[in-house]
Amino acid sequence: MTLLDLATSQVGQITALHGDPGFRSRLMEMGFHKGIKVRMIQKMPFNGPVKIRVRNGMISLRQSDATNISVRLDV
Amino acid sequence: MSKAKHSIALLGNPNSGKTALFNILTGLNQKVSNYPGVTVEQTIGMAQIENSPVAIIDLPGTYSLVPESHDEAIVAEEFGKWAKGENTPDCIISVVDSTNVMRNLYLTTQLMDLGIPVVIALNMIDLAREKSLEINCEKLKNDLGVFSVIPVSARLKEGVNDLKKSISQAIRRKSETPPNFPIPAPVQNAILPLQNWYEDTFQFSEFLSRSFAIRSATVGSTNGIGSPDSPLMDACKMDLKMIGFPHETLEPTLRYHWLDQVVPKAEIPIEKRSRSEKMDEVLTHPWGGPLIFVGLLTFIFQAIFSWAGIPMNMIDNSIARFGNWVAHQLPPGLLTDLLVEGIIGGAGAILIFLPQILILIFFMTLLEDFGYMARVAIMMDKAMTKVGLHGRSVLPLMSGYACAIPGIMATRTIESWKERLVTILVLPLMSCSARLPIYALMIGAFIPNQTVFGYFGLQGLTMVLMYFLGTVTALILSLVFSSWIKTEKKSSFIMELPPYRIPLMRSVFRQVYTRGKLFVTDAGKIIMAISIVLWFLASFPKVDSGNGQEQTIHSSYAAKIGKTIEPMIAPLGFDWKIGLGLVTSFAAREVMVSTLATIYNVENVKDEVVSLSDAMKRDKDPLTGQNIFTPLVALSLMVFYVYAAQCMATFAIVKRETNSWKWPVFMVVYMTGLAYFGSLIVYQGGLMMGFS
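Chains A and B, in that order, give the protein sequences. Per our numbering, the first sequence starts with residue -19, numbered consecutively. Per our numbering, the second sequence starts with residue 712, numbered consecutively.
To be clear, the hints were calculated from the coordinates, so they are not data collected in a lab. Mixed in with the good hints there might be a few duds.
Only pairs whose alpha carbons sit at most 25 Å apart, straight line, appear in this in silico BS3-like list of lysine-lysine [claimed, not checked]:
hint, chain 1, residue 1, chain 2, residue 2
1, A, LYS14, B, LYS983
2, B, LYS868, B, LYS842
3, B, LYS1097, A, LYS23
If you only want the chain B side, here are some residues facing chain A, beta carbon under 8 Å, derived [what the hints assert, rightly or not]:
hint, residue
4, GLN914
5, THR995
6, SER1203
7, LEU1208
Glycine included, every Cβ here is placed at the ideal spot set by N, Cα and C.
Given these sequences and hints, build the entire structure.
Below is the structure:
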């Protein structure tokens, strides 16, 4: 499943990052790493960006970008 | 400003409170840059540190030295220069957000490679305490190998003296052993040829070369300095692939691996909902959020009109009184005329609008410092994407309400070139504060001060309508322009949402003060010069006609210029005086008001400074006896100013930011066309519908 599949306030653990290299490396610089926990905060209406809690910070991603982050639920 | 022996650089993530710290260290002793056409990419301020002057360089906030946007590229390039020994600072202050240490330290580890002392300013320590995040500074310092770790709070002015003391010690240290973070042996072997290349080419230290080697393997180049040939790079990438290290994420993988080992975990439990999250439930609510946003904007524009009234009247009256006083003190003559009619009349007409401009800047700064603008960006991203823009376009566009120049500079945070270019092109359509004087003058004089729909003032509403017109046109044109510009790169949106913070009033007022001062001095210079020239053109040649000075202005040089273009603008409802104003205000919009003020003051028979709006209301066509200015003319003129490209500073900055004359020229052409036809439709349409 991907980050986008998380329901609001559900927590997941990152298993892999996909997408083009520049995007992936920026995600990592912002603290998205394999094994790191993330929580879905809010999905903006009309398929707008999502808000994510990661490493003490709040980050917003577009839905298309969020599908490039694989997560699993059992944490 | 005294010459400083030492310089230090201030670097950090966006939202780490870097600027607040810069302000505290430098006080008001700051060379203001970031404004019209100056080629300065960085702000330099002077600080007294242990009794010796030190230059502090403030660079844009960045997450890493691998830039994604133009803003970040500035930092990466500056770093490249420092590596080569050009203007290398004596010490780096790495500003770190205490509530998110791990992510902030990523940049710090990159900065440490330079081999100069790094002082970590653990900012917002008050917030970390509030969230009971324990950070052992001594341990962090030793584990990372930085010069010092100083907890500070720019907000509470806490720890500033400790920071200064540490800086003064660091400056004397000169060099520092860079961190020797662990690299797996196979990786080290793979990047060795690149590392050798940097060592041989630039005589960099081993660590710095290794760091650049890792970076060039990761992204294929290093900013600010050259990078190895592609055969060398390709071989390295192949080697990395063989040992199972994808080269595209090499640098963040290695550095975070190290950080994860040495940095003590100071993490808030993932399930814990922060105060900002709770506030967001209201402020970014699916339909409540946008409603609040529109409500805020309406409130701001109403405030601009209603709150500014009293100070505006005070300024207006005191300038008129001052002009009359000067006129009575000095002997009548040319010089007195120039002083009273040209300079005091012209400059005074602009000063009146300072309160409104300050109120606008005050609210914009307040919202940004509060952390609200990032929320606006995510609420608007979907809509912005629809018209070919980006969520990050919202802040620059809204800054455009204050002034297009900082707005255009702020587009540097937009990663995709196409989205950035389109944002720049439509940004001058956002009604900037230089239009306010014209709107305010026309609305104040010709739109009746009555209430409609029981609650809204008609004047305030007309004002909102002008802003609305510009904004909607900007959005429509974005769609048009972005369909013309082709690009293959897909844009993405990774944006940090800073926690809400109560804005620091002293830094808000500082911003208001700086902008206000720039408006008065920059606009003042242009207006002063143009006012003097204009007064001359309007006063000469002096005709001896016996029946009063009324004759003078109509046969003056100014009238000749105005009347030459009158036929062209007559369909828009404009007479020669307005025509002259259009010519003089090509350099800066607000000059329109001072032009009218100067003309009416010269024309005025009695040696008295009258209010401009009264003079306009009284002005009649000498042939037909009809009013020159009617509500319809005022409306047509305002629409012209919504669209017209009249700002030299904007052209200069667009030329610089797009690196070509093509775009500023295109901007002038399309905006002038819009202005002419917009006005034409309003005036002719209004006439047809029976308005006057």
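Verification of the supplied hints:
1. A distance of roughly 21 Å separates the Cα atoms of LYS14(A) and LYS983(B); the hinted pair therefore holds under the 25 Å criterion.
2. Taking the CA atoms of LYS868(B) and LYS842(B), the gap is near 19 Å; set against the 25 Å cutoff, the hint holds.
3. As the CA atoms of LYS1097(B) and LYS23(A) are separated by approximately 18 Å, the hinted pair is consistent with the 25 Å bound.
4. Against a cut-off of 8 Å between C-beta atoms, the interface hint on GLN914(B) is violated, since the closest Cβ of chain A lies about 28 Å away.
5. The restraint placing THR995(B) at the interface with chain A holds, with a minimum CB-CB distance near 7 Å, inside the 8 Å limit.
6. At a threshold of 8 Å, the smallest CB-CB gap from SER1203(B) to chain A is about 5 Å, leaving the interface hint in force.
7. With its C-beta approaching chain A no nearer than about 4 Å, LEU1208(B) sits inside the 8 Å limit, and its interface hint holds.
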